[in-house]
Every structure is written in C-alpha cells, then in structure tokens.
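Build out the structure end to end from the sequences listed, making use of the hints.
Heads up: the sequence lines are chains A, B and C, in that order.
Whatever position you read off the first sequence (first residue = 1), add 92 for our numbering.
Whatever position you read off the second sequence (first residue = 1), add 1078 for our numbering.
Whatever position you read off the third sequence (first residue = 1), add 269 for our numbering.
It should be emphasised that the hints constitute simulated quantities derived from the structure, not laboratory data.
Only a predicted model underlies this, so the values are computations on that prediction, with no experimental measurement involved.
C-beta: ideal position from N, C-alpha, C; glycine also.
Keep in mind that the hints are not guaranteed to be accurate.
What the hints assert, rightly or not - Which residues of chain C face chain B? A few of them, derived with a C-beta cut under 7 Å, are:
#1 Val398
#2 Leu411
#3 Val453
#4 Leu457
#5 Ala460
#6 Val462
To be verified - So these bits of chain C aren't anywhere near chain A, every CB distance computed over 10 Å:
#7 Ala285
#8 Pro297
#9 Ala301
#10 Ala305
#11 Asp311
#12 Leu335
#13 Asp336
#14 Ser347
#15 Asp560
#16 Gly594
#17 Asp595
Letter by letter, the chains look like this.
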Amino acid sequence: MGSLGERTAVLGVGQTEYRATRGDVSVAGLVREAALRALADAECTWADIDAVVIGKAPDFFEGLMMPELFLADALGCAGKPILRVHTAGSVGGSTALVAASLIRSRVHRRVLTLGFEKQSESNATWALSLPQPFSVSINAGAGGYFSPIIRQYMARSGAPELIGCMVAYKDRRHALRNPYAHLHQHDLTFDQVVEAPMLWDPIRFSETCPSSDGACAMVLGDEAAGDASDRPVAWVHGTAMRSEGNNFPGRDEVSPQASRDCAADVFAQAGITNPRAEIDAVEMYVPFSWYEPMWLESLGFAELDQGWRMVEDGSTSLDGGDLPVNCSGGVLSSNPIGASGMIRFAEAALQVRGLAGDHQVDGARRAFGHAYGGGAQYFAMWVVGAEKP
Amino acid sequence: MTERPAPEMLRADLVVEYPFTRTTGPVIGAFLTGLRDGRIVGVRTSDGRVVVPPVEADPTTGDTLDEMVEVASNGTVVTWTWLDPPRPGSPWDRPHGLGLVLLDGADTPMLHGLLVDSPEELETGMRVEAVWAAERTGHVHDLVGFAPEGSGVAPAPHAEDPGDEPVRSVRTPIRLEYDFIPSSAAQEYLHAYAEKRILGNRSPVDGAVFVPPRGVDPRHGVAATELVDLAHEGHVGNFCVTHLPIPGRTDLTTPYVSAWIHLDGADIGFLGLVAGCEVDEVRIGMRVRAVWKPDDELGPTAENVLYWEPTGAPDVPVDEAGNRAWTARRDRDETGGPADA
Amino acid sequence: MREVAVVSSAIHQVEALTFTTDVQLMIPLVNAVRDAVGITQDDVDFTCSGSSDFLAGQAFSFVHTLDAVGAVPPISESHVEMDGAFALYEAWVKLQTGEADTALVYSYGKSSPGSRRDVLAAQLDPYVVGPLWPDAHSIAALQARVLLDAGLATPEDLAAVAVRSQRNAVGNPNALRSSADVTVDDVLAEAVVADPLRPSDLSAESDGGCAVLLAAGDRARSLCDRPAWITGIDHRIDPQALGLRDLTRAPSAALAAERAGATTGRLDVAELHAASTAQALVLHREFGLGDGVDVDPSGGSLAADTLMAAGLVRIAEVARRISAGDADRGLAHASSGPCLQQNLACVLEGE
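If you want it as structure tokens, here you go:
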C-alpha cells in the first residue's frame, strides 16, 4: 500500500440558503441551486463534469427511494456516472470523500459532489426513527440518544454546566456573519440560551440543531484543473473515514476509537503533528452544543478532559480565538442532514481559499472538515490547504 | 443460515405512512396549475422539443428550462398495460389500463391511466382524450386518466377564476405496508418475557453477553446463538432526563428518565425507564431492579418490565459503570478477565 | 489502472428470509469470503456495502448490519444506497488510489416483508408519476410492449429468454426458478399477468445477499490461484422519465459496456441484471452479445432477483466461472431504476 494518488483540488463551492422550508423550489430545484452555484464558482459548465457523487440521509425524508435516479437529469447526468452515498449523519463528508477518491484514483478529472435534505417535506423525528413493532419506544429523537453520552462527558471532565450554552451562543453569533445560515438570531442573548427549556437534560432546546432544507455542492478537480483555475482553490491534504459498531462491550461512546483513529490518520496524511497549532480553522459536526469540547479532545485539539477550557476561554471563537470552530455557525445554525457534513467540508475549503466572506479567518492556510453519524460511530474527515501538498 | 420457526410466531404490521407535502417550484407548479385549470402544459427544451410533464432541466444539456407550452388534451397511446385489480395507493378503484400517451403538440409521452372496461379495448396507436375530475386542486389526480376519443366525455371546463394563485405545493401521501416478523433470536427473547425471563446472547469467542439477543457478536462479526438468562437487577450505565413527550406514549409524564440498564451478567446495556424515585436522584452507577407487570398481564413483550427502580444497594463506581465495566474488568484481571480477541 | 481482481465471493438467495435479519444473513457470507482466502477483517483495508432503507422500512437500516463485519477495532468503511455492484465500484476506485490493497464488498436485500413491486414506485417522480403508483411490473410491461410493437421481439423471443434462464438455473442453489425441461410453449401457455408479460417474463423476487472480496496485484495472486481480474468497469445513467427515453434502448448500458471494454474482444460469458425477459433482449442488443457468449449461465437475475444485491451477484457469478477456469473473459452487468435507467458493466478476465 501507499498512495500514489492524484492531487485533488476543490475548484468550486455552492450552497443554497438554508431555511426551515424552502417553499420556492422542488427537490430538483434545490439541488440545482447548489450545483449551479458550485459550477459558477469553479467557472465550469455541466459539460465539464465527468461524474456526480450525491449523498443524503434516509430516503424517508422526502419519501423518494434512491432519489439520485429521479434527480439524474436535473444534475446534468445523462450519459454520466452517478453514485449515491449514505453513511448516516456523516454522509455529507463521506460523499465528498468518495468524490475525492474518483479524482485521486485518476478515474475522473472533474467531479461534482452534492449533499442535500428537504426535511420540510416530512418530519425529522418520523423520518429518522420510523416506529418499529416489538420495540419499546422510550427515547424521543436524537437528543435522547446523545444526552447520556454528554452527561458522561460532563461527569468525567468536570466541565462547568454552562459550557454547552457558551458553544451554542458562539455558533449562533457566528451564523450572523453567514448569509446562508438558517438561524439568524440577531437579538439572542446568552441568558436566553441558558433559560431555554430543557429537552433532554442536560441538553436545552437552545443547544440543539434546527431542521433545515438545503443543499451544498462542490466541484473537485485534478492537479491540472487546480493549476489552471483562475480562482483560488483548496488542495486536499488528507482524507479518512472510519466506522465502528453501534453498541459493544468496552465501547467509549464519549470519544469513540473510530473518531480517534480517523483523526490520527487524516492528520498523519497531512503531516500534522500538532493540530491546534497547525490548523487555522475547524468546521466540525456539532449537532448538540456539548459535542464541540468532546470532539476537540477526541480529535487531538485538546488534552483529555480539557476541551471545555478552550470553549470557556474563547479559543474557538472567530473573535480572537486561536482555533476558530464553526465560523459558519455550524450544524447548530443550519442542519439539512444529508448536506450538513458536506457544508463542514465546503466551509473548510472556503476558509483556505479566502472566500468565506464575513466569517473568514484571517490568513487561514489549513482547515479541517469533520462529520459524524449514527450513534457517533461513522466518521469522515479531511484537511484542506491553500498550498499544494 | 437455518430457518428456525418459533412456537407461536410473533408478527405485526409495519406501516410506513406519511402525508408528504411537496413544494413544487415554478415548473412542476405550472403543470399542476394547468391541470387545476383544465389545461396540460409542457416545457420546451434547448433543441425545441416539448416535454410533458415538464422537467426543470434540459435532459441532455442540464440547462435550466422555463418556457412553458400548452399542448392538447388528446393524443395517441404509445404503449400500454392492464391492471386488474388496481394497485393499492393508486387513484383507481377498478381495473384500468396504464399507458404512455403522446399528446398532440408534445414530443414526449406522459404516463397516466387508460379508462376502458377491458384490455381488449386497448391498442397501441389508439386516440384518447383527457378525462378531468370535477373538483380539481392542482394535483396529477385532477386528470382522472385518458378515455378513447369520442367516448362522450365533455371537454374540461376551464377555471372559473383565472386569477387563482399558482400551485406551489402538493400533497402526495405514501403508505407502504410491511409484514414485520422478528428474527428467531428476537422471537425467543420476546416469548421469554411472557415467562418473566430476560434473555441475552453469549459470544462464542469471548463469552461476552449481549442484550437484547440479535444472534450476533458485534465485536467479532460471528453468530452468537447461545441464549442465557440474565438477572433482573443491574445498574444505570447512563441516562437522559427527557422533558419531551413521546408520540404514542401518553402513559409517560414528563420529565421521565430513560437509561441504559446494564444487567448483572450482561456486557452491554439496553434501554429502560427508571422510576420509583425522584428524577434528580437518578445517577450513573445506581443499582436498579425490574418492576414487572402483574403475572396475569404478562405477554411476549419487553413492556412487561414497567420500569426499573432503585434497589438501595451501593452504587457501582462511575469509572466501572456502563460500557466501562468491560474495560475495567479487563484492566483489573489480565488473565482471568474477558479475552480481548 | 491498477490490477484489481475478485478473489472470493459468496451468495445466498432464497424466496423469503422470514426469521433471519440482515446481519444474520451477512455473517456467514462475509466470513466465507474472508475464510476462503485465509484472511481476517484486520487484513481488509476497505469495506463497502449497499442496501436500501425503503426495503427495510427502517431508517439507517445498514447501521446494524455493520456488526456482521465485526467493526471492532474500527474499519475504513463506506455505504451506498445502491446495488452492491456500485459498492464494488466504489471499492475498486479506492484500490485505484493505492490507499488500499484489499476490499470487502457486500450487499443484501430482504423485500419479502413488503410489496416490492409497489415499493419500487417510490423511485419515480414524486410529483406527477409517484401519486399514480405505477408498480414495477406495469413499468416493465410498458417497456416490453414497446419492444413488441417495434418488431424487435416476439412473444416467442421473450419466452425463449425465460426458457434459457430456467434451464441454466438448474443446479444453481441460489436460483428460485429453474426447470430442465421447460419449453417456449410452456411459457406461452402461462396467463398474462402484466400485459404483455407472463410470470416467467418477470424476474423471480428473492431475499438474499452477496459478499465479494477484492484484492490488488500480487496480493490477489497470493490469495487466489486464478483471480478474476477486473479489466474494465464503468457505470452510466439515463434520465428517468419514461417519456424522455426510447424504451427499446438502454444508451447508458451500451456506453458503460463500451467504456468497460465489453464491446471489443471475445466474451465467453455474460450475466445480465434484467427485471424482465424484454429487458434481457434490450441488453443483448446493447451489448452486441453473439451466439458464442454463454448468457446467464446461472439463470441470471430472472432466476433470482435480490433487490440491492442482484448486480453484485452477477459479478460474483462471472468471477466464479473465471476462477474455476470455465471461462476466460466475461461481462457482468448491474442495473437500477425503471426500465434499465442506470447500468454498470464490469469485464472480468483470467490470466
């Protein structure tokens, strides 16, 4: 083994506005909005695209089985290859990585990759957990699943109770600088975050992600395409995916080994030995606020049980922090599930391209994109940089 | 893979049903608005063809399409089949044809019902005309189907009030029925509850015990067929205090505690309710025991355990609670502990 | 391109897996392909699977199936909501990057709990086609009639395809529909169920799964006496709407086959993934299959059609014949969507 792969560049990024309901478009219209913006950013046309890789979470959201079949011509795919990825919540990240492997393997030269969800067509709680006969239903929604894990982190790390609220407040403030974000809570105060109703103790309503409609797309290209681009590109410095079982003896649910292994792999590929010092911007998958300190530790940005201190001292804030996390507002501010992972990957690329607009980290040269899914058991990560690796 | 039927097979209907509300965007919206108004519209592609029903992107080039073109509501059958009986979920309640109909003025045929009494009345190339619903709402069902030309169906009345808002969304319910039959392992697990027993699966590799039994050791990817009886006591590995009601569980008053219960003798947790104490008394490591339904109400269901109540025994240390128990045991006793194969 | 081969495979197809879950189905298959070449999951560099939530009636249905692999410690893994043949394609791409030398591919489908022909209507345009709930048999029938009306096939031609499938399937433990002595007249005597199609014209719906192990270069040679080398693999899609397509053709199948190298050079064997005898004839034409090609020696998907796995089963069937020395070069085909909308072609060769 040992990669002899083609260098891969992010040539373009396209996002829709994320909203509770995108009532102005069909599913095809939604994915085309993101795809056309990515093509424009990459200065490409449909004809330049060799293949499409699309991802989304369960098909039940739109009640459309294997929707890539219906969407093929809307994505300019007639006569082209299209792949459909589904790895639970990490799918947006995994989808981008499958697209990257098509470039890296030199199978294709330019690939369009896209993640989407139109959650308003049904209901998230229904679509994510269809009631199954003979099973006793006592856990309402994803929050009910992740709350005990957060409780365990709090008990283990001794983190102060309001760390989660600090993350939520920070990400919602970041979102005000991102025109695509779903939540734009201009008048939100920290006290309001704290006083929000408790849903799944210790998770407050204000510490959960919204349910959004939206799509995110990227155009990936090979080294020649990256070199030829007039616009800044992001170079892929490392990619990794890991999965582990959902429930087995000895499983560390707070910092799953799959998470640690995946991070170690992607940072090794990028030649990074001190992630906190060498990464300039982080887009990580934080659907519940406490996952920011938990992932900071698991990924190696903080020592064990110390991640919460980075939240407390403002290290992860775009305003003066040394490791800004989720400058886009993150999953806590926009969550079309099938796209959420790809948004993280795309936002990381925008940072190193210097195209993140009002939420740009000054001088960002290397950025980290992260997604997870299932019972925190599926992981997808990449490191992108302004310089060719 | 042996197929092992249980003594009394448990099965249930699994119904996947949702009244999807779909926003249409301008192109599909124009088609549905047309149907509501008794007209059929298509869209013109880059090479000048008229596609019906309209599509948002050129099927060859991917370019955005928006030039809507009205076509006739009569045309020619391109291909057909016959459905007797009609399919569940379809808008038809008696035997009917289904076909592709090339409407006059269109370059591509559209799919819809063919309304005749028998397949003998259908042939490729026959002329048909639209049959409209009396009440139209902006849905593909506004078109009841196509009947042979001259069969006496009146032309569609156009909308009384052309000033109506264009169609922007459409309801398209989905209902799928599945015959849900639990696996052989699950059948035995559920039947055991009727005898007030809780079963787990033992790994053939390292002896780890899993509950509920799924016939698999997930650590090693091997079948685990041995069933073992588990204690009705254990500890809270972890928990959530839920303030949200669960749809369909009117018996639960909020807040309530759902917890990962780690039974003595089992090596993973399973979900249960904790009650019989104040919500804020529940803690990681707390010892609990099963509270069962009365014996005369027991059935083959995990709901026989109403909830788990504190035993009052000393807590399991936090570092050894839940999934940490396995790791702690292994670390404590390298030789006699569970193998980490 | 890097040399990549199928080094082992396992198939299990039955009419209904009543008491067997997806994970229970896959455990023996996954173990079989690893055991056949004497490796464990620790030696597998990449794993990729294919399945459908809609078939299972459960969101994230693939999550628990991962337990069949034994993903402890964690593995490098991906999943496509597609037939396993496309999971194999993703794994083949991964091996092409040089980041993996071995890959485990598996897929499975259990459609018996639901009404598969109706579930498949959920694949169609949800605005103006889905609400009419056109079932998969009707869609196949519409395509068959176009073929008959165009004079490209007769009912006897369709029946002859069914007869070939059923005769070839004799002795295949994974086939549901087989008969050594069935004749064209027997098939034509069957009542029409989806006009103009008869029961034998429609693929036999099965539950089941398939696992395949891939290896690159010398690793493949060390694991297997006669690896089935993937010398070409490609997949393409056509627009979905039936009205936009000439249903006598499958342009994406022809293009994929051409790009995989199936249209040049001799083929000993071809395994087709068709939902009907009419589709099999469309594929014959698109692939230019001549008399010298042994088509569907296993009976093909007509003899047992496991949704989400039937394409991967085709690859496994061709690979087995090459590894056994019964064939030197073969084409395996997978399809998805109504009327052969999406197609994958894989050319396998012995050394």
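| request: Evaluate the condition: distance from the CB of Asp336(C) to the nearest CB of chain A exceeds 10 Å. | output: Label violated. Min Cβ-Cβ 5 Å, cutoff 10 Å.
| said: Given Leu457(C) as an interface hint, is its Cβ closer than 7 Å to any Cβ of chain B? | reply: Since the shortest Cβ distance to chain B is 17 Å, the answer is violated.
| 10 Å Cβ clearance of Gly594(C) from chain A | 30 Å, holds
| field | Hint validity - Val453(C) Cβ closer than 7 Å to any chain B Cβ | value | Violated. Min distance 22 Å.
| message | Tell me if the interface restraint on Val398(C) is satisfied: Cβ within less than 7 Å of some Cβ in chain B. | response | 6 Å, holds
| Holds or violated: is the Cβ of Asp595(C) farther than 10 Å from all Cβ atoms of chain A? | 30 Å, holds
| task | Confirm or reject the statement that Pro297(C) sits farther than 10 Å, beta carbon to beta carbon, from all of chain A. | result | Its Cβ never comes within 10 Å of chain A, the nearest being 18 Å, so this holds.
| field | Cβ separation check - Ala305(C) to all of chain A, threshold 10 Å | value | Fine: 22 Å to the nearest Cβ keeps Ala305(C) off the interface.
| Any Cβ of chain A at or closer than 10 Å to Ala285(C), or is the non-interface label fine? | The assertion about Ala285(C) holds, with a minimum of 18 Å to chain A.
| task | Find the nearest Cβ of chain A to the Cβ of Ala301(C) and say whether that gap is larger than 10 Å. | result | 20 Å, holds
| query | Measuring from the C-beta of Val462(C) to each C-beta in chain B, is the shortest one below 7 Å? | reply | 10 Å, violated
| When you look at the beta carbon of Asp560(C), is every beta carbon of chain A farther off than 10 Å? | Holds, because the least Cβ-Cβ distance between Asp560(C) and chain A comes to about 30 Å, which exceeds 10 Å.
When the structure is compared with the earlier hints, violations turn up for hints 3, 4, 5, 6, 12, 13, 14 and for no others.
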